[in-house]
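Asks: Using this note's numbering, you'd call the opening residue of the sequence shown number 1 and step up by one each time.
A few of these clues could be false.
[What the hints assert, rightly or not] With beta-carbon atoms standing in for the labels, derived distance ranges:
| hint | residue 1 | residue 2 | range |
| --- | --- | --- | --- |
| 1 | I100 | M322 | 46 to 52 Å |
| 2 | L73 | D6 | 14 to 20 Å |
| 3 | E287 | K349 | 40 to 46 Å |
| 4 | G448 | D79 | 45 to 51 Å |
| 5 | P321 | N428 | 26 to 32 Å |
| 6 | P321 | D139 | 38 to 44 Å |
| 7 | E437 | I100 | 39 to 45 Å |
[What the hints assert, rightly or not] Here are the simulated BS3-like cross-link-like pairs (lysine-lysine), alpha carbons at most 30 Å apart as the crow flies:
| hint | residue 1 | residue 2 |
| --- | --- | --- |
| 8 | K317 | K537 |
| 9 | K86 | K211 |
| 10 | K349 | K397 |
| 11 | K155 | K537 |
| 12 | K3 | K181 |
| 13 | K121 | K207 |
| 14 | K86 | K181 |
| 15 | K87 | K159 |
| 16 | K143 | K200 |
| 17 | K555 | K155 |
| 18 | K269 | K296 |
| 19 | K272 | K255 |
| 20 | K147 | K337 |
| 21 | K212 | K244 |
| 22 | K86 | K212 |
| 23 | K181 | K148 |
| 24 | K555 | K378 |
If you are wondering where the hints come from, they were derived from the structure by calculation, not from laboratory data.
Idealized CB from N, CA, C, for every residue including glycine.
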Amino acid sequence: MIKIRDLIFEYFDRDDAGHLTEMINAIRGINFDAEKGDFIAIAGKNGSGKSTFARILNRLVVPLEGTVLISGLDAMNEDNVIEIRKKVGMVFQNPDDQLIGSIVAEDIAFGAENIGVSPIKLWDQVISAVEMAGLVVYDENNKPNSKKAAADMKKMLYKRINDLSGGEKQKVALAGVLAMKPKCIVLDEATSMLDPHSRKEILDTIKQLNKKLGITVIMITHLMEELSYADMVYIMHNGRVAMKGRPKDIYAREKELLALGLDIPACAKLGKMLFEEGITAASDLYEINDMAQSIKSRFPNRFFLNTKMPEERKSHKEINPMQAVLADKISFSYGDKKIFEDVSFSVSKGEYVAIIGKTGVGKTTLLQHIPGLLKPRKGQIYVDGVDLWDKYTDVRKIRCKVGYVFQYPEQQLFAKNVYEDVVFGPRNIGISEVEAEKRAYESIRLVGLPDDVYDLPLDKLSGGQRRRVALAGILAMEPEYLILDEPVAGLDPEGRRQLLEIINAINKEAGITIIAVSHDVESIAEYADRVIVLEDKSAEEFNDVSESFYHMYMKYGDLEYLPVGMQLLVVLRSMGLETDCFETDAKGAVKAIRAALK
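Work the whole structure out from these sequences, hints included.
Replies: Right under this line is the structure:
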């Protein structure tokens, strides 16, 4: 299907006069093979060359040297471009980069229509793609071919693209590729903005297409747990292939991965801990069910029939409304579509509060109400006791208290270089130039960027660096509340760790309140003080992080909403081991398992 030899690709930068100013070796002599039906994952740090490699597969860029054959077609030959793109479909990290229609049906049909699919077949392929991408879900209450299923399908097909959440847009982008019936699908961080359940749903669907239809899958990912879906894994570093092997072989090389800025997934770490504690007999167990079965086979006399799951818990916290963000029964709609109704929540100064919920439930919309980017249809938002939408309120003054870092940092970066972008905000709030410069330099250092980055153009930054610059620009305004929308999505493990530590330091050491939407349950478990769960157009507050995760599991029945340690505890409890289910980290889970086995 794909054969690549001695691949080399370089980026060239030129000044206004056309003179060469910089050359970047993005790909350095890569050899790569993918047969029909292969599922290959490619991982590596930001800037390792993964996305460039993906674009070469789809013939979006042309390599400088080497051989690239796609189904026998020479990708270097301009005459083969259309045929190659028929065979290789690509889903990008940011769906806005490839969505062009005004409604869902129009966007999904666009690619298939442009490669010559007949009008008679087109509609069937669009509907099939919607189902495969999980945009319409069938269950016991909504069976295929039922009236409800038909109504749900029609409603989805005629939704406006601008009314979709980030996760829904990503599913539409995937559906648009599936409607073209490609022989190969390239996923460039395509699940990074989805909630854990939707991510698993998409990957399970891709795996089924891979196995049943023989579609070749090339998956670019920073999420190391996703490597387990693949048959073969390539690890890239500085434009070269640094490691290659099966997922289990890659996971076993933890020290090498760490040296490359990566890590083994939380599930693999848990498996190693269980082995080291003598709870399991094998060190290479990377799946929760495999771990649970191994424990039961070793300690069968500790598992009992009719063991019940524990009841949900919910504790509360009193807050001072004069030192907090407070939402009082707010409601919001996009046209006739209700996003949430009578939602109330509070965030005290100094807290680190995470907002979680399924993709499309309205988390980003809720965040945008806090600094007044959106106005509720009814209800009030208070910041330190001040009604944001009272006619006497100076909204500009309130917004200086509330910093907002968007889901995609490039949406708020606009200046010619890093320094000019960071200093822009302070310069425009009436402080002296000396103070504005001081704040800019301090903020750039605070987010861990090196001194030589100040004059660097923004288009030279990696995804992780752009997030840090966006964060620095907000911190230079000296906010009291900091809102983060998916702060670590799309970052490699090392970049994720570094940014999370920076955010935690901003909260714990600088005392800035953090309000973050995130699908990264492991980081929420480690850093958040409290959690707000947004669901069914309403919100629930949990004073204990473990209580919020357990609530999500009991409501939806999906283990993916739990940190891996908690996943194992819940599975063991359901199998009859009377263990605690409210430990969120791996060490706590292992301790709880040991206690139950004794």
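Asks: Now, for every hint given, state plainly whether the structure supports it.
Replies: Status of the hints after comparison with the structure:
1. I100 with M322: 46 to 52 Å: holds (48 Å)
2. L73 with D6: 14 to 20 Å: Since the Cβ atoms of L73 and D6 sit about 18 Å apart, the hinted range of 14 to 20 Å holds.
3. E287 with K349: 40 to 46 Å: With a Cβ separation near 42 Å, E287 and K349 satisfy 40 to 46 Å, so the hint holds.
4. G448 with D79: 45 to 51 Å: Once the Cβ atoms are compared, 48 Å apart, the range 45 to 51 Å for D79 and G448 holds.
5. P321 with N428: 26 to 32 Å: holds (30 Å)
6. P321 with D139: 38 to 44 Å: holds (41 Å)
7. E437 with I100: 39 to 45 Å: Between E437 and I100, where Cβ atoms are some 42 Å apart, the hint holds.
8. K317 with K537: Holds: K317 and K537 sit about 22 Å apart, inside 30 Å.
9. K86 with K211: holds (20 Å)
10. K349 with K397: holds (17 Å)
11. K155 with K537: holds (18 Å)
12. K3 with K181: holds (21 Å)
13. K121 with K207: holds (24 Å)
14. K86 with K181: holds (8 Å)
15. K87 with K159: Holds, at roughly 28 Å.
16. K143 with K200: holds (21 Å)
17. K555 with K155: holds (25 Å)
18. K269 with K296: holds (20 Å)
19. K272 with K255: Answer holds: K272 to K255 is near 14 Å, not above 30 Å.
20. K147 with K337: holds (21 Å)
21. K212 with K244: Cα-Cα ~25 Å, so holds.
22. K86 with K212: holds (20 Å)
23. K181 with K148: holds (27 Å)
24. K555 with K378: holds (28 Å)
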